[in-house]
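Undergrad: Single-letter residue listing:
Number of protein chains: 6
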Amino acid sequence: MRWIVLKKHIDYDGSQISSLWGYMAADLQEDSIIAFRGSCDVQIRHMIDLEDRKEGDSIYSTDMLHFVIEHFDSTDLKLIYARQRLFTAMVAETLLQRGIKTSRVGDDLFVQGKKLSISIASTSAVSQKIHFGMNVEHAVYGCLSDQGVPEQDMFSLMEEISSRYVEEIHDIEKDLRKSRPLGVM
Amino acid sequence: MRWIVLKKHIDYDGSQISSLWGYMAADLQEDSIIAFRGSCDVQIRHMIDLEDRKEGDSIYSTDMLHFVIEHFDSTDLKLIYARQRLFTAMVAETLLQRGIKTSRVGDDLFVQGKKLSISIASTSAVSQKIHFGMNVEHAVYGCLSDQGVPEQDMFSLMEEISSRYVEEIHDIEKDLRKSRPLGVM
Amino acid sequence: MRWIVLKKHIDYDGSQISSLWGYMAADLQEDSIIAFRGSCDVQIRHMIDLEDRKEGDSIYSTDMLHFVIEHFDSTDLKLIYARQRLFTAMVAETLLQRGIKTSRVGDDLFVQGKKLSISIASTSAVSQKIHFGMNVEHAVYGCLSDQGVPEQDMFSLMEEISSRYVEEIHDIEKDLRKSRPLGVM
Amino acid sequence: MRWIVLKKHIDYDGSQISSLWGYMAADLQEDSIIAFRGSCDVQIRHMIDLEDRKEGDSIYSTDMLHFVIEHFDSTDLKLIYARQRLFTAMVAETLLQRGIKTSRVGDDLFVQGKKLSISIASTSAVSQKIHFGMNVEHAVYGCLSDQGVPEQDMFSLMEEISSRYVEEIHDIEKDLRKSRPLGVM
Amino acid sequence: MRWIVLKKHIDYDGSQISSLWGYMAADLQEDSIIAFRGSCDVQIRHMIDLEDRKEGDSIYSTDMLHFVIEHFDSTDLKLIYARQRLFTAMVAETLLQRGIKTSRVGDDLFVQGKKLSISIASTSAVSQKIHFGMNVEHAVYGCLSDQGVPEQDMFSLMEEISSRYVEEIHDIEKDLRKSRPLGVM
Amino acid sequence: MRWIVLKKHIDYDGSQISSLWGYMAADLQEDSIIAFRGSCDVQIRHMIDLEDRKEGDSIYSTDMLHFVIEHFDSTDLKLIYARQRLFTAMVAETLLQRGIKTSRVGDDLFVQGKKLSISIASTSAVSQKIHFGMNVEHAVYGCLSDQGVPEQDMFSLMEEISSRYVEEIHDIEKDLRKSRPLGVM
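Protein chains in written order, with the working numbering: chain A, 14 to 198; chain B, 14 to 198; chain C, 14 to 198; chain D, 14 to 198; chain E, 14 to 198; chain F, 14 to 198.
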């Protein structure tokens, strides 16, 4: 698995959650996490969460850190959702190390009672993906600027979160290769 | 999925990680998390982690909070390991809410640089399981007493952690039932 | 898993077999069986069975009891087809208890040599579904009215069949949580 | 898939539920259903159902028709249990055609309120199996003799049930090869 | 599994890689390999390999032997790719027996340093497929004519390759039905 | 995935086919192919192939090149058997490049009509493995020495075969990360 933080801004419109976007955008032929910064405005046809569609929710933010994760090793929905929750908890851990205390509710992070992030996970016939976005600036919702993350740290924050996820996955892959099967009563 | 906190002490000897222990011990016919308190002394024949076997590690503690999780919905190693990491992160979140700051490295929690917990996960042909144990008292390693968790809170801590895991799993099961499949580039 | 019998008539046009219809129509975030009454006229673009498409079969009935089953726990075709056959056999058992003797051939029920029902099963990347429809009235094919099921019993028949399927699935989930793995020769 | 009815009596002691028994006993290298007649006395070490073990149930009958099914196409517990229920329903359908009315509760058949059959299903790492046994004679429980099945029909009854199951599986395999994937809302 | 060699020419435009083409074209309700002869001109909307799309590669040949394989027993990408490589190796083995020495690089065959074949594999929610095409005539690339395969042998070559693949799959299915599970250290 | 050729001789007694042998013997926590040279004398309790057990076949050779492959990414029997066939074909390709023409029948290689190799594949609850052994010297069966492979080339032959398999698997993993899902008729 590989991580990349893109230098150029990309506006997240939901097309990036499509399977194989990493291959088209960055020639990646590995499982990957790609981070980038940009606005967020998900088009209806790219909305994965039917709750958003149903309620006509607009998912809009002018400035976010985005993380797009793609795994080709499984198409099991349970697995990608467990990974999504784990990723969300890891983001919280990383922020805590920088002194920002958040609370996690499922795949959402809250800071001082305000929603800081959005996330979705799903699968196609060939891969499974997660999108996770965190506000950099926001008038209403929680955002990293308000929490004192300086502008010049945004890039390194994306690097830290991305590399940490890859490390976690590698660590799991190593651990499961030294465990015996369970006994049975 | 159901959670139970056992009132009686049980000494964890590794047999509890066997598939179907929950059915034999508590008549459970659901996915479950069973918490209990007791010593920890894993017998060599119940050691799942070959690293421990190889290095002749003794896994010993006189007083621990134990969590034994069993899922019958999959026998995929990747899934049970993702769930194990997520559970470990959740324990850290719960402790943090009580003012105890830990750091997570894979499936281990550390407190003030000292190892607080042990964990293993694996699968049989019929179910997948996690064991997670956390020292209550320990002369050398990290432990909850040293962190100021009063004796009378141990039971409620087990309840909080167990119920939270069940809630997380239920939340996942609900979320995956409103997500469309991914588009493809 | 949950069952619902809808009070309002719904005309089955094949769109109801789509994944996540239950969430859109009834906010369900569980595996489910939704029963309702209405005509049946499957549009070509919703035809799952290519045999029907190929032969230009019209699937038409003015009045049917419909059952739409959705499971998110697997996308295995073999499983949803085994469940479809089991469901069909259960409908036959239920009718027999009301004195109506049918014969089952795969996923079809016949009464006095006439086809009483239609059914299809398939999977998407996120869920697996079954549609099963049974004629209430029909000039040519078998139907419940001709078998003496009174108009006022149609609703309770849908309730009985739906609840029975849920019970069967729950019973299976319980049984598989007390079975040891097989030995090997 | 192939079916065989053995001419010689075999006493079912539970070893026949082991994976690969069909290969050792009859050189079968296909999915199979093997039927035979004989007593039933399951040894504790071959008991798959922990409920029986726990309650010290003896599973004993002097004369039974046995059906041992093995599939190598999956090790999914949900699938083998769905197949077990379907098989049980099929046995009931077959008996009904001979005028014997039973009622099915999960994997049990009852005749005039008395238990007629026993069954278990499980999986190993290589195959999944079902055992289903039905009393020919029994002083206490339901049995085929009491229902008027003549001695000379026992063999043909085994043939009919076995061949019907193979036909059902083949029919499923054919049906799933003409179904389009589901659309999505 | 069944093999068919079509007598009529079919021009491969990529639509034949779609799931269920075998059912629509030849009423097949089994896993299958269908061989035929014809030109090759893959339309952009049927291009499975994004590398071709990206690079605007035209996949064009006036005369090829085509093999279209469909399996419904799994939707695992790893499996269909292993099968694709195995098939490619088998084609090389068959050509070698006719005195034509090729070298295989992944899913490509080369003859005297020139590319002889094209191939792709993928999965949908219901089946997995392989397309493999080999030039009969070609001005630039390698082709069978240049290797001395006479015109009248093309049909029998398709028969030989197709039947051999079916035999290989059947042999695998038999072998896995006599193997015990692995022991564990 | 990693490959290793062991310098020391190891006598293959069948214990090496056990899951996790690579971890115990060489601290490997990756999918792996481990090659070594030594005699072959499989103990009855390590025999995976029931045909050998049944026929009391001794699997004996004084000097062989052994390849032990372990994958933790799946426990699907069909996949490990497809990989076994592919590996066998690759060995044949490698030998051919050295001028040794063999014929492959399933998982066996023959040279001048004499059996050159043995192989088995299976799965446990945690991993899937292949053993492939090829005679260096043999009085009765085919062997590499008789085919003119000089003693000093045995090690490099093991390196070539092992590295090629790893390369093939990596190539597959890359290819499946640029393929779109199939369309459907």
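Be careful, since some hints might not be right.
Note that identical chains are pooled: a pair holds if it fits in a single copy or bridges any two copies.
Unchecked claim - Mimicking SDA-like on lysine to any residue, the simulated pairs with C-alpha atoms at most 25 Å apart in a straight line are:
(1) K187 to V118
(2) K187 to R66
(3) K187 to I72
(4) K187 to G69
(5) K114 to R58
(6) K114 to G69
(7) K67 to D159
(8) K21 to E186
(9) K67 to G161
(10) K187 to Q42
Quick caveat, the hints were computed from the structure, so don't treat them as lab data.
The model shown is predicted, which means the values in this text are computed figures rather than measured ones.
Undergrad: Now look at each hint and say whether the structure bears it out.
TA: Structure-based check of all given hints:
1. In the homo-oligomer, the alpha carbons of K187 and V118 lie at most 25 Å apart only across protomers (14 Å), although the nearest pairing inside one protomer, at 29 Å, exceeds that limit.
2. For the homomeric pair K187 and R66, the shortest alpha-carbon distance between copies (16 Å) is at most 25 Å, but the shortest distance inside one copy (40 Å) is not.
3. Taking the closest pair of Cα atoms, K187 and I72 come within 25 Å of each other only across two copies (21 Å); inside a single copy the shortest separation is 37 Å, beyond that limit.
4. In the homo-oligomer, the alpha carbons of K187 and G69 lie at most 25 Å apart only across protomers (20 Å), although the nearest pairing inside one protomer, at 43 Å, exceeds that limit.
5. When the C-alpha separation of K114 and R58 is checked against a cutoff of 25 Å, the pair qualifies neither within a copy, at 35 Å, nor between copies, at 43 Å.
6. Taking the shortest Cα distances, K114 and G69 never come within 25 Å of each other, neither inside one copy (31 Å) nor across copies (40 Å).
7. Taking CA atoms no more than 25 Å apart as the test, K67 paired with D159 passes in neither setting, with 31 Å inside one copy and 42 Å between copies.
8. Proximity of K21 and E186 under a CA criterion of 25 Å is satisfied in neither setting, with 32 Å inside one chain copy and 28 Å between copies.
9. Proximity of K67 to G161 under the C-alpha cut-off of 25 Å is found in neither arrangement, the shortest distances being 35 Å within a copy and 42 Å between copies.
10. Taking the closest pair of Cα atoms, K187 and Q42 come within 25 Å of each other both inside a single copy (21 Å) and across two copies (5 Å).
The structure is inconsistent with the numbered hints 5, 6, 7, 8 and 9, although it conforms to all the rest.
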